[in-house]
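Enquirer: Each chain, written out:
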Amino acid sequence: MSTHSPVMKRVAPIAIPMNEAERLDAEVDALMDGGIGWMETLGFALTTLRTNPLRTLLTTLGVLIGVAAVVALLSIGRGAQNSITASITSNGANLLTVRSGASSSGGVRGAVGDSSSLTMSDAEALTDSTRNPDIAQVSPEYSGNAQLVAGSNNVNARVTGASAIYASVHNSTLAEGGFISADDVSTTAKVIVLGANVSKTLFPDGGALGQTVRVTGQQFTVVGVLASSGGSGFGSSDDGVIIPLSTAQRILFGARSVGGSWTVSTIVTQASSATVVDAAQAEVETTMREEHSLALDGSADNFSVINQATILATVTQTTQMLTMFLAAIAAISLLVGGIGIMNIMLVSVRERTREIGLRKALGACEGDIMRQFLFESLALSGVGGLAGLALGSAIALAVNLSGLLTTTLSWDVALLAFGFALAVGLFFGIAPARSAARLDPIVALRYE
Amino acid sequence: MNAMIVAQDLRRTYTMGEFEVQALRGVSFEIRRGEFVAIVGPSGSGKSTLMNMIGCLDTPTSGSYHLDGLPIEQLDPALLSAVRNRKIGFVFQQFHLLARSTALENVALPLAYRGGISAAERHRKAAAALERVGLGERMGHRPQELSGGQQQRVAIARALVTDPALLLADEPTGALDTKTSAEIMGLFADLNRAGMTVIVVTHEPDVARQTKRLLEIRDGQLVRDVLTADAWPDETHVQKARSRRLPTRQQWRLRHEHA
Chain A
130 MSTHSPVMKR VAPIAIPMNE AERLDAEVDA LMDGGIGWME TLGFALTTLR TNPLRTLLTT
190 LGVLIGVAAV VALLSIGRGA QNSITASITS NGANLLTVRS GASSSGGVRG AVGDSSSLTM
250 SDAEALTDST RNPDIAQVSP EYSGNAQLVA GSNNVNARVT GASAIYASVH NSTLAEGGFI
310 SADDVSTTAK VIVLGANVSK TLFPDGGALG QTVRVTGQQF TVVGVLASSG GSGFGSSDDG
370 VIIPLSTAQR ILFGARSVGG SWTVSTIVTQ ASSATVVDAA QAEVETTMRE EHSLALDGSA
430 DNFSVINQAT ILATVTQTTQ MLTMFLAAIA AISLLVGGIG IMNIMLVSVR ERTREIGLRK
490 ALGACEGDIM RQFLFESLAL SGVGGLAGLA LGSAIALAVN LSGLLTTTLS WDVALLAFGF
550 ALAVGLFFGI APARSAARLD PIVALRYE
Chain B
25 MNAMIVAQDL RRTYTMGEFE VQALRGVSFE IRRGEFVAIV GPSGSGKSTL MNMIGCLDTP
85 TSGSYHLDGL PIEQLDPALL SAVRNRKIGF VFQQFHLLAR STALENVALP LAYRGGISAA
145 ERHRKAAAAL ERVGLGERMG HRPQELSGGQ QQRVAIARAL VTDPALLLAD EPTGALDTKT
205 SAEIMGLFAD LNRAGMTVIV VTHEPDVARQ TKRLLEIRDG QLVRDVLTAD AWPDETHVQK
265 ARSRRLPTRQ QWRLRHEHA
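First to last, the sequence lines map onto chains A and B. Residue numbering for the first sequence follows our numbering, beginning at 130 and increasing consecutively. Residue numbering for the second sequence follows our numbering, beginning at 25 and increasing consecutively.
Just so you know, the hints here were simulated from the structure itself, not pulled from any lab data. A portion of the hints provided could be inaccurate.
[What the hints assert, rightly or not] Reference excerpt, derived from the structure (chain A facing chain B, CB under 7 Å, subset only): (1) Leu160; (2) Gly163; (3) Gly164; (4) Ile165; (5) Glu169; (6) Thr180; (7) Pro182; (8) Leu487; (9) Leu491; (10) Gly492; (11) Ala493; (12) Ile571; (13) Ala573.
Ideal Cβ positions, reconstructed from N, Cα and C, are used throughout, including at glycine.
Looking at chain A on its own, in the form it has when it is part of the complex:
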């Protein structure tokens, strides 16, 4: 700066004696230079924790249990959500199910066979691709419950009368044999396709194919067994059986005919892709209103359309809320663990008052002491967090292996729980660290 002045340039080659202020500045600079590094401070913190193993263990326990609970519960929640989603979509994707009876009409439901019933002609109308460009497939179904008997075994199962297209709409795969064919439907054949669980119940030793199953007195021949869909509940195909639609309508359940067309209990339509599900729903509703001569604004609907995507969203939301609720409870225990750390750290500060005084006398400044104690609480919560991750994962895996519930471990859950543990350690470490840093060394050194 001053070297730019001509005077200073002239003087520069001669050594200028430092005046008092410059000397002081230089000394102060030298004093400020240096100071303890982070690694050394961390080393002090870890040494303290290592030399008090029991105290360290007990202090970390709170955080350990908290993190383990968060990880285990979130894993179980995610697992439940995944299996529910899987079981809903196991019966086919992008499905719109049409049922008779308006969703808004409360308990009022038309008698079987009246004008509000769904019929085969409704199904045919929905198949018309000019009226319903976004609908890919239509599966009219007639279902009811019936007692199935094979030899000495019997089971009550959901019997669905379906056409050949059912397998394609519901993503059914066969473990053995074949599916209901168009011929079976047109000839009202007494053939039956068993769900995986039904087959296991009726024919525990296998070999169901070609056997006879009695359904409410009628003899049916087993032509196929479905592969297990893995899903459970929500009308999983594993627990049902399938027979030709015409057989169900005319022989088994005695369906009526309305205006020369057999009634069905549901018409399952499949949108051509996930993005057009809403458009497909609108088409289904319009077509149905036209077929049933109803007001087009939907005010007089005597049918309802169940959108699989909506159910999925609702169920997902519900499980997510439940999971978050459980995790929040677990997080409270993590918070309590943090308070445990604060408690121990406050005791530790008091216990080590003379040590703090000594460190200050030996040249530690407030920041050094603060950092040392913050590192201690961070290390406590960090170690507790890691051990908690291990324990939580172990619990999740054990639950999975036990077969009670499926659990899904994921990285974001682990990071979230560990990060929260560290945040708890930092937050609850601040108060003890501050009280340590602010100790007057004179008082601290004389503390008994």
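Knowing the structure of chain A, use the given hints to seat chain B on it.
Expert: Only chain B this time, still in chain A's reference frame:
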């Protein structure tokens, strides 16, 4: 620049509720490099306050204090920490060693707070300091495995390891028996002979007697600043008395209480 310490009109007032306690009421003195000084006085005299001030643990309410050319009263707490680390070696009555650390780790501690010194270098310097106080064989021992005298030697090594400008000892023999006290004071005398400036705060005449200069504080004021050799005018009498029996603390007190 030969003065290590220049204290001018040091005053320290503590406020306790509505009362003001004047612990120091204007103390001025100089201590040159290489001196061996005892600060004596009864408890409550302001002796401890003065020691805290010399040790840069406290700053004066008014007056000025220069240590090794630094105006201590103008420095902020962080700088005071750095000054304590670099300029002063503390020795305490209660040793103040970290119980769970070895002698070597205890001695290396101040070097960690200095910063910029590798762990290997810190250990080398700490080992050298322990050798210097005669504890080269016991570096790996923890404080509870050492005698009181050995613990105080570790503390002295810790004070020496930073190569400080000043060794400040607060009742360094207060927790030791007579024989060990003599050894520790002998160590201070040796260090002083090697050029170290040593200040010992004490109320024990036997300890004060082994220094070269005596500063006596009473009621917050410096009442005596004499060469230790001149502190006891009846030294010949004392010498005779010592051959029979050491003067007790009470006798020393009585002799000086009304001086």
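Enquirer: Provide an ascending list of the numbers of those earlier hints which the structure does not satisfy.
Expert: 7 and 13
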